[in-house]
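**Q** The lines below spell out each chain.
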Amino acid sequence: MSEAALFPRARIPYGTWGSSYFPAWQTSALAEVNIGQFSGEAMARILGLRGVPKSELDYLVLGSTVPWHWKFWTAPMVSSIMGHRIPGFHVEQACATGLQAVLMGAATVEAQSHDTVGVLTFDRTSDSPVGVFPERRSYERTQAIADVWDNFGFDPATGNAMIAAAGITARKYGLDRTETDEIAHLRHQQYFEAKDRGFLDRLMVPLNVLTVQGRPLGTVDDDAGVRQVSMGLLRSQRELDTCVTSGTQTHASDGMSCLLVTTEERARELSPRPEISIRFLGKAEARAEPSLMPEAPGIAVNRLLDRLGMDMDDVAVAKNHNPFAVNDAVFKRQTGYDWENLNRTGCSLVWGHPQGPTLTRSLIEGLEEAVERGGGNVLLFGCAAGDVGIAALFQVS
Amino acid sequence: MTAPTETAVKALRQPTLETLGLGTVLEIFKHGKLPVDAASQVEAVFGPEEDRGSMVISGASGIVGAGKTMQFASRLEPYGVRLVALDFPGAPDGIGAKYDGLVRSFGREGADRIMSSIVRLAYDGRTLPAELRGLKPRFLLEAIPEILAIKRAHYGLFRQAFPELEIRSVTSGFPARELGVGVAHPAFPHEINKVFETVEDEPSEVTRLLWSLGLIPLPVSDDWSFILDVLFCGITLAALRYHRATNMPYWKIDKYVRRLVGPNPFRAHDAIGAKGADFLTWSCLHHLSEEYGELFTPTPELVERKDTGQDWYPPNHFRPVVDWGMGPEEEAAFDAWILGPLFQMTSLMLHERRGHLTHMNAIGELCAQFRKGILALMRQHGPDGVRQTVERYHRLFPAAAGSAWHPEAVSDMSTPEWQQLYVNAEHDGRVGVVTLARESYNWDVDAELNRALDWLRNEGIERIVVTGDFHISTQMVGADTGEFFAAMEDLESGLAITRGWSRTARRLHDDFLVSVAFVPGKRCLGGMLELLMHCHYLVAVEDARFGWPEVTLPVVPGMEACHWPLRRADEEGRRRILEMLLTGRPVKAADALGWLVDGAGPMDDALQEAWRLASETSPGAENRPVAEGPLEGIADAVPPLPVADSPLVEEGRRAIMACVTGACGTSAAEALEVQARQAAEFLAGAACRNGAVGAEFVKTIRI
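Order-wise, the sequence lines are chains P and W.
Using our numbering, read the first sequence as starting at 1 and increasing by one per residue.
Using our numbering, read the second sequence as starting at 1001 and increasing by one per residue.
The reader is advised that the hints may include incorrect statements.
[As the list claims (entries may be wrong)] For lysine-lysine, the following DSBU-like pairs were computed, each having C-alpha atoms within a straight-line distance of at most 30 Å: (1) W:1194 / W:1136; (2) W:1275 / W:1252; (3) W:1275 / P:71; (4) P:71 / P:195; (5) W:1252 / P:71.
[Claimed, not checked] Covered by chain P, according to a simulated footprint, are these stretches of chain W (three or more residues, beta-carbon under 8 Å): (6) 1282-1293; (7) 1439-1447.
Note that these hints are calculated values from the structure, not bench results.
Note that the Cβ used here is the ideal one computed from N, Cα and C, for glycine as well.
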């Protein structure tokens, strides 16, 4: 087993992170805001609550996937909204964005260009913009694409929808609907158990949203749209593709998440618990064969663990982005890892899929869970558009 | 509890007029005239009419220069004094931009006349324009950028050409000893704010000219940055430090600062013009920090903005999305972050004896939006509370603990100077004068007024005049509606106001053989009129206006306006009083003779009449006695009223009329409680919450 760190200079300061709740699309005040502006203001608020002056930041990595108003200005503009003019850039790779942004932050620290990097990921799937693309060589001449739903429905590389990829993968692995229903049922139980015992309160931050007149528009203080599901309900749902029902797939949502990546010294200065060290051990990315997206994360995980000389027994906390319950069932087939051990505090199958911040929230949850368990390695992985899988391993000690 | 005065007058504390070399208020009444008048002061500064010189304002196109050009031109034009507005050829037209405002204030004809009195000259900064000599400059008010070397060179240029020229700088930061000229530091907004912090060895003719023109010169000591800027820049710095510690955005900090003490420091900078204002604030803090240490060190945000001039508030297209709140612990920390440095800075100013305590207290209120003067606020906390707040701040920001903290300066708040910040009393052994140095009535004024009345009674004084202070308070606008906020949520708080303040007002009638209220001009409204109407006599300058605008807010007058003046008026007077109460329309003093006012005339005549009544009237000579029993037929006295402007006004009318009926329907002795309860209940009701006071309450408290 190798413990050589991927970015030896980089740390994540414990407890300086936070996330908005992820209300389902069109269910909250987040449907009304410029999500870039909201997220910049929310990050300043979260850092303030964590006792971190925003003036400590010297760089900002943004991650988002759905175009937003004034996106052209990316990180510099959002940092201005935070009230702290620093440089930065924007990274995007569909649902891998939330992890890629963190890794980019670590790479920035490792490069010694900056010591305190803010990582801010967000997306608003509600009212997603429509892009108009003049394509002079296309027989359609001009195409208009609704960014979220039209892309979900059509992978230009394969011609298939996301949901079709889940069905194809389920058939490849011979999955049974009973198993995916059970996975979805457990995932909801895990989420509500974590919520009920106050676990989410440690990382989720209720945020009050204002109208343009400065009056209350709404409070984002819950993963709106998430509710308890019974096995009976899950079993009664219509199968949209093999092992895919509305209950065994995620839903679109809105939200933001943020954390810091710093040097070891800065992490000690900024964290409320400087004795906790969070390091980056490694990362891997993989691309599955066409329309087999749910198996891509497992490929990436196996590749990562192989490289590090580890196996799943070395993992204390495993969290993934699982837009389909199929993902977790396939992961078991690929690694032998019991899906009951995955996502013990919730996951995107339950609280939704705002794309950019999904894996950032998962990471925060995973790190917090590891601290709760007294440390250990945190494995984070997930799939992304293009049949991509991403995985990274963090060490909490 | 005495302080020495220039005459045989005994005073509770030193009258602020004495700091201008203008004697006491009691002497004004005794002499039957003001100590100096504008015509003679214009002559003293600008020369006789046949050889009248001019006033020069350099940097006249800037924010300060243009504002002051308007203020002085409008006041000096009647005396034939030309205003020379001097600036660079390429300076933006700050003066022309003021024309519309002048038209609004003086009408087109008046505005044209004032503008015509202004001579606009351009110069290159190195040589004075040749035409200047023909205009005979006698007084230069310098309003050029805050760069010491440039200012000194500027004075040298003028002194070489006009050795006798009086020069004052509007600087907000440099001491006179560094500049080499006196200081007349004005407050924003410059067109209308009358306050000037003045620095000079002795009160000069220029300072007395300001006073005679209706302005408010407040002598302060010659230290780096004057009181206003220590307070204003200080609270800005406090807010910036809180921002750095918590990330709370400026706009939200502004709201919390406003709720805590009154000002919106960031909004104020943007409103003044962020580029200039940020530089001035930085400049003051920078020099203060060099003199006094870390307590004043500007934060990096301010250092950046002094160069960029970027607004503190977000632009319209980024109006805030995420709200910020605070829990009790955070609010306690916020109080320490804001009040701690303010108290510490004030301890420094007290230690350095930067000015009369009443001046120091008033400057924050008159010039920096403080709801309560800084010393009144510290007095409310008490010496231990002040020290604890500063020490708590030092735990949050240890760098401030190393310098400029003078806890001994706040150790004794029991002196009259601390206790009588707003209300003073003087007497000559027979007649006393109570002076109010605050334009609106609040709990501080109430407590100080009671102490002043107690002092006079203990001194054996039975005859009093109650009036303004002829200095800081230039009008009497009524009750401080900020005091109503607690009453909007709690009936008992409202009752405390309406009962307590009414009892104080009754003392003016009950505790003295003769009491004369004197209104020296402009206006006397609302609660202030309710207070003064309790005196046996009410005398005013003839064009002073009286009114009860409460119905327009709406509130029900709480200090007995709904019955007391009616008990002292004849049938026609009652009709006029009800018209005032139910429409909010004011009347001129001269038009209220016999039913509300007992004497009105030009200033000197009115002063003499007030003194005659106070000093000569025989006991029992009250000319409008109070009807002690129930009044008959009050409802029939209501005149035809115009249609109310809004449903709220209509509701206000109904409530006021109900209060009139109830309070007049009983004895004068019992009416106080009837009025107090109805007024307090209205304050706690929906109509008040939906009106102007409620809007202010929401804006200030419900943030």
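**Q** List, from low to high, the hint numbers that the structure doesn't satisfy.
**A** Those not satisfied are hints 4, 6 and 7.
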